[in-house]
Amino acid sequence: MVNQNAAKLKLPKHMQIHPVVNIAQLRPYKDGADRFPDRAEANQAPEPYINEQGAIFYEVEAILNRQITPHTKRVTYLVKFRGQDAHENLYIDEATLLEDVPELIAEYEKKHPRSALKQRKR
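Per the numbering used here, the sequence shown runs over residues 32 to 153.
Rather than coming from a laboratory, the hints here were simulated on the basis of the structure. It is possible that some hints are incorrect.
[To be verified] Just the calculated beta-carbon pair ranges, DEER-fashion:
hint : residue 1 : residue 2 : range
1    : His143    : Pro79     : 22 to 30 Å
2    : Pro101    : Asn34     : 47 to 55 Å
3    : Arg58     : Asp116    : 18 to 26 Å
4    : Val51     : His118    : 23 to 31 Å
5    : His118    : Glu83     : 24 to 32 Å
6    : His49     : Tyr80     : 42 to 50 Å
No residue lacks a Cβ here, since even glycine has one placed at the ideal position from N, Cα and C.
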């Protein structure tokens, strides 16, 4: 509580809104399990790996797509992270993935060769 009329929220860093809100905007959390007993429980994401330098890593589950950016001609891959929802998928550059998960890159390239991509464009 900031004062009797305002509370400071703990928000993820990517949310770019002011964390202090009027208490009239707050409501107690209700999970709704009694009203919706058949609803699946929320998927709890696995804990990330944190190395000695404090960098956070998530386990790559799969590579879903490949794109070549038109201006830079750099290859990026759409990556699915274990335990994360589809909206958390990210395009990550090829060099980074070749260091971290070369076996997944090789598997994706075997299924989707770049030569087939070039032949389709002609």
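Outcome of the hint check:
no. : hint                        : verdict
1   : His143 to Pro79: 22 to 30 Å : 28 Å, holds
2   : Pro101 to Asn34: 47 to 55 Å : 52 Å, holds
3   : Arg58 to Asp116: 18 to 26 Å : 24 Å, holds
4   : Val51 to His118: 23 to 31 Å : 27 Å, holds
5   : His118 to Glu83: 24 to 32 Å : 30 Å, holds
6   : His49 to Tyr80: 42 to 50 Å  : 32 Å, violated
In this structure, the one hint that does not hold is number 6.
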